[in-house]
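Protein chains: 2
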Amino acid sequence: MSDAFDALAHPVRRQILKLLRKRPMSAGEIADRFDLAKPTLSGHFAVLKAADLVWTERKGTSIIYHLNMSVLEEAAAVLLNLTEAVKPKPNRMQKWSTARR
Amino acid sequence: MSDAFDALAHPVRRQILKLLRKRPMSAGEIADRFDLAKPTLSGHFAVLKAADLVWTERKGTSIIYHLNMSVLEEAAAVLLNLTEAVKPKPNRMQKWSTARR
DNA sequence: CTCTTATTTCGTTTATTTCCTAAATACCGA
DNA sequence: TCGGTATTTAGGAAATAAACGAAATAAGAG
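Each protein sequence line maps, in turn, to chains H and B.
Count along the first sequence from 1, then add 133; that gives the number in our numbering.
Count along the second sequence from 1, then add 133; that gives the number in our numbering.
Rather than coming from a laboratory, the hints here were simulated on the basis of the structure.
Some hints could be false.
[Said to hold, decoys possible] Only part of the chain B face toward chain H is listed, based on derived beta-carbon distances under 7 Å:
1) Phe-138
2) Arg-154
3) Pro-157
4) Leu-213
5) Leu-215
[Claimed, not checked] In silico negatives: residues of chain H with every beta carbon more than 10 Å from chain B:
6) Ala-142
7) Leu-150
8) Arg-154
9) Leu-174
10) Ser-175
11) Gly-176
[What the hints assert, rightly or not] With a straight-line Cα cutoff of 20 Å, these simulated SDA-like cross-link-like pairs (lysine to any residue) come out:
12) Lys-171/H x Val-204/H
13) Lys-182/B x Lys-171/H
14) Lys-151/H x Lys-182/B
Yeah, the Cβ is synthetic: ideal placement off N, Cα and C, and Gly gets one too.
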């Protein structure tokens, strides 16, 4: 989850997510909308992917990026709730609530 | 608003906000809950304040930090909606903003 | 296999962030 | 005013992030 907030910290990356809300797009298509070199965008894609905010699909020579809305929603929930522990916690045995106090 | 996402990118700052959700706290009180030097925390406070995520009140020699929940909510809304154009306050009916295509 | 298109990786430079210690500032009570 | 507590500012080292051009990789067409 921390990865998601790191990813969201950069305006270009938020803009990419915004584009992907409309429809999935190839890397090049996205890159064309920014005044940045393609390797730079590729780096941003990698950050978004590491944060699981997007997923990819290869289509011929292109790679199509898709928004992962659920992760965005989860991040929003964390902001409202600041629970931070909404992720994969298979093994949580709690002696006493981490949540409130 | 961009400041808010920068501020939220750091786990310690998110943790501070989480503490402030329960109740307002002095700088020292917050600092005691982290294993970091006080000036380091003071820097984090400054970032949160610049992002308008907290506001302060002096009480004697202490400075009390309060959470600004509305800004957090606004950030969450941006995530769900990725509008990003929430700057102008009272009259927000911008249908098509700064981004080009 | 070779050529073209799409995208990423590599190596490097520059900018920003994070953290620290030491010193400064602000307030209060005696 | 002096002394103590609370907090911030200053200055700097180390780590991380962002950007670029050049080269590498992947897939499809011929």
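Structure-based check of all given hints:
Interface hint at Phe-138/B: satisfied, since its Cβ lies 5 Å from the closest Cβ of chain H, which is below the 7 Å cut-off. Interface hint status for Arg-154/B: upheld, as the beta-carbon distance to the closest one in chain H is roughly 6 Å, under 7 Å. Against a cut-off of 7 Å between C-beta atoms, the interface hint on Pro-157/B is violated, since the closest Cβ of chain H lies about 15 Å away. Checking Leu-213/B against chain H by beta carbon gives a least distance of about 5 Å; that is within 7 Å, so the hint holds.
Among the interface hints, the one on Leu-215/B holds; its C-beta lies about 4 Å from the nearest C-beta in chain H, closer than the 7 Å criterion. Ala-142/H, annotated as away from the interface, has a beta carbon of chain B within 10 Å; the closest lies near 4 Å. Remark: the non-interface label on Leu-150/H conflicts with the geometry, its nearest Cβ contact in chain B lying 6 Å away (cut-off 10 Å). Taking the minimum C-beta to C-beta distance to chain B, about 6 Å, the non-interface status of Arg-154/H is violated against the 10 Å cut.
No beta-carbon of chain B is positioned within 10 Å of the beta-carbon of Leu-174/H; the least distance is around 16 Å. No beta-carbon of chain B is positioned within 10 Å of the beta-carbon of Ser-175/H; the least distance is around 21 Å. A cut-off of 10 Å between C-beta atoms confirms that Gly-176/H is not in contact with chain B; the least separation is 17 Å. With a C-alpha separation of about 25 Å, the suggested pairing of Lys-171/H with Val-204/H is violated against the 20 Å cut-off.
Taking the CA atoms of Lys-182/B and Lys-171/H, the gap is about 35 Å. The hint is violated against a cut of 20 Å. Distance restraint check for Lys-151/H and Lys-182/B: the Cα-Cα separation of roughly 27 Å exceeds the 20 Å cut-off, and the hinted pair is therefore not satisfied.
In the structure shown, a violation is registered for the earlier hints numbered 3, 6, 7, 8, 12, 13 and 14, in ascending order.
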